[in-house]
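Asks: Chain by chain, the residues run as shown.
Protein chains: 2
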Amino acid sequence: MMIDGLQCGYFTRDVFATLKEGGFTCVTSTLGFWEGSQASLDAIGRWRRLARANQDLMLIARTANDVMHAGESGRVAILLGFQNSTLLDGRIDYVELFAELGVRVVQLTYNNQNEAGGSCYEEQDNGLARFGREIVREMNRSGILVDLSHVGDKTTLDAIEWSQKPVAISHANAASLFPHKRNKSDRVLKALAERGGVIGCATYRNITPESACASVRDWCEMVARTVDIAGVDHVAIGTDEGHGNTQADLDWMRAGHWTRGADYGAGSAARPGKVAKPDWLPRTSELAKVRHGLLEVGFNEAERDQILAGNWLRVYREVFPA
Amino acid sequence: MMIDGLQCGYFTRDVFATLKEGGFTCVTSTLGFWEGSQASLDAIGRWRRLARANQDLMLIARTANDVMHAGESGRVAILLGFQNSTLLDGRIDYVELFAELGVRVVQLTYNNQNEAGGSCYEEQDNGLARFGREIVREMNRSGILVDLSHVGDKTTLDAIEWSQKPVAISHANAASLFPHKRNKSDRVLKALAERGGVIGCATYRNITPESACASVRDWCEMVARTVDIAGVDHVAIGTDEGHGNTQADLDWMRAGHWTRGADYGAGSAARPGKVAKPDWLPRTSELAKVRHGLLEVGFNEAERDQILAGNWLRVYREVFPA
Chain A
6 MMIDGLQCGY FTRDVFATLK EGGFTCVTST LGFWEGSQAS LDAIGRWRRL ARANQDLMLI
66 ARTANDVMHA GESGRVAILL GFQNSTLLDG RIDYVELFAE LGVRVVQLTY NNQNEAGGSC
126 YEEQDNGLAR FGREIVREMN RSGILVDLSH VGDKTTLDAI EWSQKPVAIS HANAASLFPH
186 KRNKSDRVLK ALAERGGVIG CATYRNITPE SACASVRDWC EMVARTVDIA GVDHVAIGTD
246 EGHGNTQADL DWMRAGHWTR GADYGAGSAA RPGKVAKPDW LPRTSELAKV RHGLLEVGFN
306 EAERDQILAG NWLRVYREVF PA
Chain B
6 MMIDGLQCGY FTRDVFATLK EGGFTCVTST LGFWEGSQAS LDAIGRWRRL ARANQDLMLI
66 ARTANDVMHA GESGRVAILL GFQNSTLLDG RIDYVELFAE LGVRVVQLTY NNQNEAGGSC
126 YEEQDNGLAR FGREIVREMN RSGILVDLSH VGDKTTLDAI EWSQKPVAIS HANAASLFPH
186 KRNKSDRVLK ALAERGGVIG CATYRNITPE SACASVRDWC EMVARTVDIA GVDHVAIGTD
246 EGHGNTQADL DWMRAGHWTR GADYGAGSAA RPGKVAKPDW LPRTSELAKV RHGLLEVGFN
306 EAERDQILAG NWLRVYREVF PA
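Sequence lines, in order, name chains A and B.
The first sequence maps to residues 6 to 327 in our numbering.
The second sequence maps to residues 6 to 327 in our numbering.
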């Protein structure tokens with residue numbers, strides 16, 4: 006089994022076939038970055054169409070058992086995820102409604118501060134805000150995994166503590182291994198682990214050490230160092246792979262509706278555009294290379310399988326509806 | 006058992022208690038008249054709160070079995086209904102999503118023509134429009150009852166024919182007994198019956214014969230005459246009772262967002278405001294009077310029970326998800 010805690014971009018029949026061939030059991034897809042409730046319903050509608058048209062290759066999973074079932078039937082389980090809580094339009098009631106429609110992962114903030122809390126790119130982060138406290142508990146109740154990637158440090162720590170269920174940092178790396186606003190401090194990773202959460206290590210070049218982009222072994226070394234920080238029960242995979250994103254998509258992710266100026270997201274003025282995939286991972290379908298790589302850097306098979314799938318599965322069992 | 010195919014207004018704990026004491030098994034509530042998807046989600050959210058706060062008195066029913074279960078546990082089953090298809094915001098995908106959130110009855114149009122078809126108040130009705138054909142079939146598939154009250158004659162006839170499941174005229178009377186744009190021709194009622202549908206006879210004074218507002222026996226006579234037209238398997242109750250509606254609510258129902266002018270809905274310039282409840286039904290809780298009234302006008306007990314609940318239940322079984 007192999008589970009990826011975050012992919013985005015355009016999911017097509019070809020992508021599902023590639024994921025299936027590549028040995029993916031489950032992938033959390035991104036249905037939105039800045040969108041409100043209506044556009045988010047539209048995205049769910051599009052995914053229902055995708056699921057109907059590709060039911061031989063994939064299914065939309067709502068439970069951990071659905072993920073297992075997908076694996077057994079040779080299909081890819083897709084978890085519907087959003088990289089922002091803007092889909093709620095500020096309404097506590099919508100958490101339950103979107104959960105009923107199959108949403109399973111919601112990140113509290115994307116790149117900007119919102120009603121729920123602070124983002125990693127804001128100069129200041131006031132921590133989990135009033136609405137954030139409400140929706141974290143409501144997500145706990147409704148079976149949605151709280152995602153803290155892109156979220157500011159204080160809000161992340163607050164949410165880890167406030168949540169009654171394990172939370173996730175679905176796609177980021179350890180800041181002590183690669184300093185970047187998107188990456189997470191050891192303090193955060195230790196707090197995450199203490200509460201049973203999981204970090205999905207990313208392959209996205211802008212937030213990944215250059216060496217770990219160069220060779221699969223070095224990427225697996227990065228995972229091993231992350232395990233040194235958070236423990237083997239709390240580290241998994243969240244590539245942040247984007248399928249077929251264009252510059253226009255990148256512009257939307259970064260500027261959304263909120264600025265007429267330039268924003269570089271995880272990039273920079275020096276690196277404003279799309280970055281190359283890791284040298285060892287030119288196609289997502291090759292991610293299974295890490296199966297061997299993780300053994301090479303010293304994990305035994307049981308540990309390897311935890312990192313590949315078991316840790317995510319445990320969190321899904323604890324968080325999703327039964 | 007007693008089922009009311011339509012009530013609107015403000016549902017409070019007192020209303021639920023009154024409905025329970027009055028012997029109601031099931032009531033279809035109105036969650037919207039003109040609203041789009043977001044306001045409709047908000048209305049569903051409010052009903053979830055009502056249901057949590059009043060679970061000793063009522064439940065939101067999603068299946069015919071839920072209705073039976075409510076009856077057995079001495080609670081009122083509420084079906085979530087909308088008097089317009091504007092909640093879909095023109096999206097075929099939203100039918101399934103709203104069905105999953107528990108919506109069970111959707112009227113194709115309220116007082117104005119829309120993307121689905123024509124209304125009874127328009128001068129012309131072009132019949133079931135392209136989007137109307139799409140959503141009728143999608144409602145069939147998703148388990149939502151198609152309601153044709155307020156809908157224009159041609160659109161009503163088209164929808165009856167096009168639907169693959171029985172449809173409803175949830176709150177109207179026979180136009181041959183009381184001529185009014187809101188009431189339905191014998192031709193429509195016969196077509197409805199032929200396809201297994203049901204009409205809920207109303208007690209709303211603006212569309213009900215004066216005599217039938219004066220005495221319960223006369224109202225039951227009206228029901229008997231409706232049975233003469235549509236048959237005893239196809240006539241039920243749909244009072245159109247409004248709980249605590251104010252003039253401001255009436256203004257919203259009639260003018261919505263669509264006009265700055267005066268619109269009288271089922272009223273008229275001569276009768277512009279709220280009309281009195283029927284003389285025999287000053288409070289909804291007294292509707293059970295018709296149990297005896299229907300026997301008095303010649304129905305046997307089995308027929309009486311069909312009109313009170315059995316006909317609606319049959320349609321619910323055929324239309325709602327199992």
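Rather than coming from a laboratory, the hints here were simulated on the basis of the structure.
Mixed in with the good hints there might be a few duds.
Intra- or inter-copy, both count: the list cannot distinguish identical chains.
What the hints assert, rightly or not - With a Cα cut of at most 25 Å, we get these calculated SDA-like pairs of lysine to any residue: (1) K170 - G50; (2) K170 - G315; (3) K25 - R96; (4) K279 - S147; (5) K170 - R57; (6) K294 - Q118; (7) K186 - R200; (8) K282 - L162; (9) K195 - I65; (10) K170 - A293; (11) K170 - R54; (12) K170 - R53; (13) K294 - E308; (14) K279 - E40; (15) K170 - M6; (16) K294 - R57.
Asks: Look at each hint and say if it fits the structure.
Replies: Checked hints:
1. K170 - G50: This pair counts as between: shortest inter-copy Cα distance 24 Å, intra-copy 28 Å.
2. K170 - G315: This pair counts as within: shortest intra-copy Cα distance 17 Å, inter-copy 46 Å.
3. K25 - R96: Cα proximity of K25 and R96: none, with 37 Å in one copy and 31 Å across.
4. K279 - S147: neither (36 Å within a copy, 42 Å between copies)
5. K170 - R57: So K170 and R57 pass the 25 Å test across copies only (23 Å; inside, 32 Å).
6. K294 - Q118: neither (37 Å within a copy, 59 Å between copies)
7. K186 - R200: Classified as within; 23 Å inside a copy, 64 Å across copies.
8. K282 - L162: neither (30 Å within a copy, 59 Å between copies)
9. K195 - I65: neither (32 Å within a copy, 44 Å between copies)
10. K170 - A293: Answer is neither: 30 Å inside a copy and 49 Å across each miss the 25 Å cutoff.
11. K170 - R54: between (31 Å within a copy, 23 Å between copies)
12. K170 - R53: Answer is between: at 23 Å across copies they meet the 25 Å cutoff, but 28 Å inside does not.
13. K294 - E308: within (16 Å within a copy, 71 Å between copies)
14. K279 - E40: within (22 Å within a copy, 41 Å between copies)
15. K170 - M6: Classified as within; 24 Å inside a copy, 44 Å across copies.
16. K294 - R57: The answer is neither: 31 Å in one copy and 50 Å across copies each exceed 25 Å.
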